[in-house]
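In case you want the letters, here they are:
Protein chains: 2
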Amino acid sequence: MPIPNPEQLSSLLAVARGEEPADLVLRNGQVINVFSGQIEAADIAIHAGTIAGVGADYVGKEEVDLAGAYVAPGLIDAHVHIESSLCVPGQFAAAILPRGVTTAVVDPHEVANVAGMDGVRFMAAASQDLPLNVVVMAPSAVPATHMETSGAALDAEDLADLLADGTVHGLAEMMNFPGVVNGAPEVLAKILAFGGRRLDGHAPALSGHALNAYVAAGIGSEHECTTIPEAQEKLARGLYILIREATNAHNLHNLLPMITPENSRRICFCTDDRIAGDLLDQGSIDYMVREAIAFGIEPVTALRMATLNSAEWFGLTDRGAIAPGRAADLMIFDDLSAPTARLVYAGGDLVAETGRMRGESLLPSSPIPATVGSTMRVNWDGVDFPIPAPGAGPTAQVRVIGSLENQLVTEHRILDVPVVDGCAVADPARDILKMAVIDRHTGSGMSLGFIQGFGLKRGAIAGTVAHDHHNLVVIGADDASMMVAARHVGSLGGGLAVVDSETILADLPLPVAGLMSDQPVAQVAAAYGRLQQAAAELGSPMHDPYMAMSFMALEVIPALKLTDKGRVDVEACEFVDLFV
Amino acid sequence: MPIPNPEQLSSLLAVARGEEPADLVLRNGQVINVFSGQIEAADIAIHAGTIAGVGADYVGKEEVDLAGAYVAPGLIDAHVHIESSLCVPGQFAAAILPRGVTTAVVDPHEVANVAGMDGVRFMAAASQDLPLNVVVMAPSAVPATHMETSGAALDAEDLADLLADGTVHGLAEMMNFPGVVNGAPEVLAKILAFGGRRLDGHAPALSGHALNAYVAAGIGSEHECTTIPEAQEKLARGLYILIREATNAHNLHNLLPMITPENSRRICFCTDDRIAGDLLDQGSIDYMVREAIAFGIEPVTALRMATLNSAEWFGLTDRGAIAPGRAADLMIFDDLSAPTARLVYAGGDLVAETGRMRGESLLPSSPIPATVGSTMRVNWDGVDFPIPAPGAGPTAQVRVIGSLENQLVTEHRILDVPVVDGCAVADPARDILKMAVIDRHTGSGMSLGFIQGFGLKRGAIAGTVAHDHHNLVVIGADDASMMVAARHVGSLGGGLAVVDSETILADLPLPVAGLMSDQPVAQVAAAYGRLQQAAAELGSPMHDPYMAMSFMALEVIPALKLTDKGRVDVEACEFVDLFV
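These protein sequence lines map, in sequence, to chains A and B.
Counted the way the numbering used here counts, the first sequence spans residues 3 to 582.
Counted the way the numbering used here counts, the second sequence spans residues 3 to 582.
Accuracy of the hints is not assured; some may be wrong.
What follows is a set of in silico ranges between Cβ atoms, one per label pair, in the way DEER data are often shown [claimed, not checked]:
(1) GLN10(A) with GLU42(B): 45 to 51 Å
(2) GLN10(A) with LEU406(B): 28 to 34 Å
(3) ASP336(B) with PRO259(A): 31 to 37 Å
Some but not every residue of chain B turned toward chain A, in silico, with C-beta under 8 Å [what the hints assert, rightly or not]:
(4) ILE5
(5) PRO8
(6) LEU11
(7) ARG19
(8) GLU42
(9) GLY57
(10) VAL183
(11) ALA207
(12) HIS211
(13) VAL217
(14) GLY240
(15) ARG268
(16) GLU314
(17) GLY317
(18) SER503
(19) THR505
Just so you know, these hints were derived from the structure itself, not from any lab.
In this text the structure is predicted, and so the values were computed from the model without any measurement.
Just so you know, even glycine gets a beta-carbon here, dropped at the ideal spot from N, CA and C.
Next comes chain A alone, as it looks inside the complex:
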């Protein structure tokens, strides 16, 4: 919250003293007090978006009788990539505000990989005037490695600029944890540029001495824990544990049993990556709170983890609790055993009611700069899908990415594929498909390979959501479908498509950095659903082949991946030939 001026503070105090009427008084609430851990019957007086007083005997210009409903502080998502919802910030807000989530700490890592500083600044600008309080952290690992072509690189100086001009609050997940642990100079430079600020972590399975080094460097949180021993060790070493329940990573139920009265203050909730449909159908942090309570966590404790704890970790002293001087971000609900927002106030305004936004939609008010809105720089002359296998017999032995359902890691398989007319080809009957990654940032070229697990009997899927570089990825059963899919995504300015031969079965334009739609979130979710259905009709057994595809080009997660520069043996950290 910006520091008020004397007049603003003075009138807030007059309302707090009860000498001037409040803008709004919410009467007869059962207020979740995250400080005392108790629930108190009280009224809440609100002035200019801020809570002026909690107690009795306030008079408001407007008064609402809550008739005993519960009032919690607006929930906080402690770590989320808005881009993963496939929506721009305004529509992401439209998805989560009705859930009672009023603050999101975001890492614009994806758009930064596409559009660099402009991408980060666009996300901050597009979030600025929303009723959702968006706290932007600086993406710490752009690009992920030099084995890919990304749209931008951000060094320590860039990140320091973002801090200096107030765009960012701290440093987002430090994914290059080996670089931190080993003290790589360019990584330490980023850390030191954020001295005294909050530094989020990302260090799957890090333990022992290496974990000590990671924490000693100043990292203060971790959201990658998957097991209780891992989370307990990290918590004991001083990291806030941000329990994650993403679309593609489900840690909540595994970790709930670790929560005790002694350690709960060091635990927060985050969603990390959630697609629009999950946000609309299941919810966001509110879903995690309900699940925690259903598991047996005391409701006030669960709500405290989703509010005060995150506010404390990030030093957001102006929110996270229902108290004078804090933002009037409130989630009002009726069932303490399963909090589901009925009314949501953000900055003192009623923004959502019974799960729906009120009033005008939340389209971003800021213009989309060309560097963000026009990011398909494919050199189409260089796009071609045949894989010549000179000198091969009827089959050729190749490396195949073994994709595993609901996992980001892959297997590094060696298989024979048919050779037709001198080219190695897909073999849909054995679920061996072709995969291409096409540089869409600089038009430098593309690479090709084989993949198993997607199960398409025919056709192709393509998309520009591909961590972390977000190049154009195509997976298909035949070259013609792949070309149509790739070109269609190109014509959309980025997005997702599923193609059967010449026919576009479904698509979702993502014109904002090739990552986000600026259409209403419900439309995005519906289009995404049609994409899934079409892929299933083509034979894919996967729950979400597009999500799966988006990790097949991510060369920091083992074992075999394909970037626009070639096949990467992740453990060896080197490029490998297709043919064995």
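Please build the complex by placing chain B on the supplied structure of chain A, with the hints as guidance.
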């Protein structure tokens, strides 16, 4: 902790990784983990004053086997006026470091009233190179009111200067709570100058709407709670509760029953004002921890209130826990049911053992500027003690300050005093003594009155410790003793004295601002003991007449007080005549 440079961080990480030997490894400790709430058997590796790792398998250049002793983070005093110990920072440190208190958040309010900005800067400079980590807050109410002559006035601009040059961390106790609540512009200016920083509170018995206003203004803590309902209300409104156990204000045992697993994270410990003898005999925050445990608070919870909680309130992310990257401030003890420091490490150095400092004494290294070291500017020509009572009969009706044992409030009494040779005089038989307050800052003059409760049968006591202005106060049975006492304190350059006619019975020079001795703390405590004894021999029934005297000139605490400008009816907030 200052932000390290790349080389420092790099070598810390090498030690954390176990690739370089640590400076020191403490083996086989039972480590109090304030994050998990558990006690874990572990080694602690220390590099350059910082904890590099917690766990096993570290090698140190020096290794110490703790043989199962407990290790807690160094304790934090969340609010203390060093001046109240009557010692300079170095000797205050020598008193509390052996207790395991390694961080003190200090408000140099007293020296600021005498020596202004120079006083604040002196305290910061004298604290800088100590093994005690001193966090200086900016005194918020200098002077207390305009009904006294103080040595300095600090306005919002002054305080902003202290913040800008790094002297202070936040704003110390906002004593002018009516000014905050009512939005007095000069008070709000101070608050706004510290926007985003920590603002400590001081608002005895504030409640309801006024409390809401106080919190809405941005105040975040309170150490003046005396009852559980008061503390519960303040905690629920969002204030950290700093439970205080001072020499002159005992709140600990009254408030211990409020502590619950749900609210303990919002509760800290502080001493506020403790004389040297109490620190040496009873202890500091360590005493509070022992008393809390004896009362029934779980030991790790009690230690956590004395460490992590205070670190969190003040945003001291570099200490308050035993974890990588935090200062190697450690308190090692043997009895979990009554933690008493056996070894104390500060910044990785063993600074105290079995209750005593090791090595050289802790005299301040910084020179004492003249504005701090030479503060007795009394105009002795204007010092005279007779109280003419023109036209009075054998007695005159006067206002008498009714001093009450162990209370800062006084009664406003109307009594007859004898008139001798045309002057109203003391009547020791009825315990009516004369009191004088002499401006020692500008030499503008003095005022006279009567007081009951000090019980001197003869002689006088005098001193320059007199909240908040710290003028020269004299209380005596006869004018001659009062003059000798006053002049002796003057000749000491400030201090305390007790006199019987021409004889100095005992004294304690306080040449630093008339508030602090630069002698060893044990000598200060001994001299203070002799002062008490001498006052008792003169007939005073008070436990500590010097402490009592130091509040008799404080015109912000009811009912009748005497400043150098005259008698103050505190409730009416106006000067009143001596004769009724």
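CB-CB spacing for PRO259(A) and ASP336(B) relative to the 31 to 37 Å hint: holds, 34 Å
Hint status (Cβ of ARG268(B) to nearest Cβ of chain A, threshold 8 Å): holds, 5 Å
Chain A contact restraint for GLU314(B) - C-beta distance below 8 Å: holds, 7 Å
ALA207(B) as an interface hint toward chain A, with CB separation required under 8 Å: violated, 16 Å
Restraint outcome when GLY240(B) is required to lie within 8 Å of chain A by C-beta distance: With a minimum Cβ separation of about 3 Å from chain A (threshold 8 Å), the hint on GLY240(B) holds.
Supplied contact hint for VAL217(B), tested at 8 Å Cβ to chain A: holds, 4 Å
Status of the LEU11(B) interface restraint (C-beta, 8 Å, chain A): Since chain A brings a Cβ to about 6 Å from LEU11(B), closer than 8 Å, the hint holds.
Residue hint SER503(B), partner chain A, criterion CB-CB below 8 Å: Interface hint status for SER503(B): violated (55 Å vs cutoff 8 Å).
Given hint VAL183(B) near chain A, where the shortest CB pair must fall under 8 Å: Holds. Min distance 7 Å.
Supplied distance hint 45 to 51 Å, evaluated on CB atoms of GLN10(A) and GLU42(B): holds, 48 Å
Cut-off 8 Å, beta-carbon criterion: hint that GLU42(B) touches chain A: Cβ of GLU42(B) sits 7 Å from chain A, so the hint holds.
Chain A contact restraint on ARG19(B) - CB to CB distance below 8 Å: Result: holds, 5 Å to nearest chain A Cβ.
Violated hints, in rising order: 2, 11, 18 and 19; the structure is consistent with all others.
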